[in-house]
Amino acid sequence: MATFLPLSLRDYGLSAESGFLPSEPPVGRLADPYFEKWEELATDVPSRVKDMALFREQIEGMCVLDSSRIGAGDECSLRRAYVVLSVLGHAYVWGGGDEGVRDVLPKSIAVPWCAVSDRLGVPPVVTHASMDLWNWALIDADGPMDIENLKCHTHFTGSRSEEWFHLIPTVIEHAGAPLIHQTLDLAHTLNKAPETPTPTPPPPSPTATHHLPPSPALTDELLQYLGCLASTLRSVTSLIGRMYEGCCRFEFYFKQRPFLAGFGSSEALPDGLVYEGVSNEARTYKGASAGQSSLIQMLDVMLGVNHDDPFLSEMRDYMPARHARFLEDLQPVGEAMRALIRASEPPAPLLPSPSPSPCPSPSPSPLVDAFNECIDLLAAFRSAHMGLVYTYIIQLKRHHAAPPTPTAAPTTTTSTPNTEEATPEWVVQGGHQERSESLTDVGTGGTDLLPFLKQCKQETVEARMEGADGPPLLTAEDRSTSKGSGMTLLIVEEQDDELDRGDGDGEGEDTPTCGGSG
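Under full-length UniProt numbering, the first residue of the sequence shown is numbered 1, with each subsequent residue one higher.
FYI, nobody ran anything at the bench for these hints, they're computed from the structure. Don't take every hint at face value.
[Said to hold, decoys possible] DSS-like, lysine-lysine: derived pairs with alpha carbons at most 27 Å apart: (1) 151 - 107; (2) 50 - 37; (3) 454 - 397; (4) 107 - 37; (5) 50 - 397; (6) 151 - 37; (7) 50 - 192.
From just these sequences and the hints, can you work out the full model?
Structural data, given as structure tokens:
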């Protein structure tokens, strides 16, 4: 009998109510006064980086605090320490502007950051976990888990635009909680169902082994699960489209994005970062990336979307260790589910029909139709993500026109972004344009941005199962007009045309950390 997902949700670091987010809101401050200096510096990073020489002097003169004072069972405080040290570390390295980038991190940050990271099973670099999973709070403790009712504990720039950028992935992860609960239920059902195929190693090809078709009861449960998966995909696609409402693309590209870069993946810091007091050798890490979202990788695992580029596999090293273990243990669950769906297909006739008029092909299985709908929805999500990347990174890399009103405050865009906006004067006068351009050759995660995302989308479409008649259930036109899509198809079509022409402007960029895949 098969044994899927042998650990509990708790052992995987998951919650039925909040998914990959902590079951309780993250703490906003370390309670032990011993760590007050960390909190004091982290609370006011946006102001402190304006006087970078003084900020760096304060970091360099700070004592090395003993992170072992945080108890082994106090994971909430460990996560908070990781957030604080991540922000301080990246502010020290990247916040210099005219003071330049630093390639040695003082031991006052390096030693405890590496120690805390080791205990949490994450690398000492800004990650999706530090900025999106463990850095949020409810404004109204009794209110809903909506972006309007959320704030970030710690910032680089202090703007609501920065908060919005990180809180969109937060609510996306929360939207995946029902699917995680259903996935555990499905695994338990498959453990007991006699028709469940034996997990790993998988057969050489989908047709190499014939499995028993699922019983009516199991078919109903599989349909229910695929319905939940489709609902989750609609929700996260709607949420990713809300990025335009509250995140100013100029603020993101020129002010915020440089802080999210990794160490060793850009011309500004080509050899990596030396963690003083830990090692004399420079370490290289990729920066924060949407590929570090365990929820999006979970969708790929269940739907059997395989990626040739090793980037997404590498991103599992940047996830909390228990979340990465969950994805590993989930692999055979997805294989078994897909084998059962294939087995539900009516068999094709072995010989041609002797009748002069051909018989109609058997109707595709409802399970195959439901599965392919999920594939189409995941492809639509990836189209929406490409639209964000095109608007927030690629266009701004190309266009740097000066505006007529230098004193105007940065404004947020609407759900239909104005792609003809001029570069605000504060970008040019404040040196942000040059600072951002120095980091554009290789982005925060080191991927060739649009080519990589387009490849991910194509690999998603290729995961559709044969047997369903006609085109994809969700066409491009449907996606562009469906409720909650949050973007126009024009942006995606434009970027696809550019890629087909061999446009290289997307090379060396990385995705925002919002819940995308690359």
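Structure-based check of each hint:
Distance check on the hinted pair: residue 151 and residue 107 sit about 30 Å apart at the alpha-carbon level, beyond 27 Å; violated. A threshold of 27 Å between alpha carbons decides the hint, and for residue 50 with residue 37 the separation of about 19 Å falls inside it, so the pair holds. Between the alpha carbons of residue 454 and residue 397 the distance comes to roughly 19 Å, so the proposed pair stays at or under 27 Å and holds. A C-alpha spacing of about 15 Å is found between residue 107 and residue 37, which places the hinted pair at or below 27 Å, so the restraint holds.
A threshold of 27 Å between alpha carbons decides the hint, and for residue 50 with residue 397 the separation of about 24 Å falls inside it, so the pair holds. Restraint check for residue 151 and residue 37: satisfied, since their Cα atoms lie roughly 23 Å apart, inside the 27 Å limit. Restraint check for residue 50 and residue 192: not satisfied, since their Cα atoms lie roughly 61 Å apart, outside the 27 Å limit.
Going through the hint list in order, the structure does not satisfy hints 1, 7.
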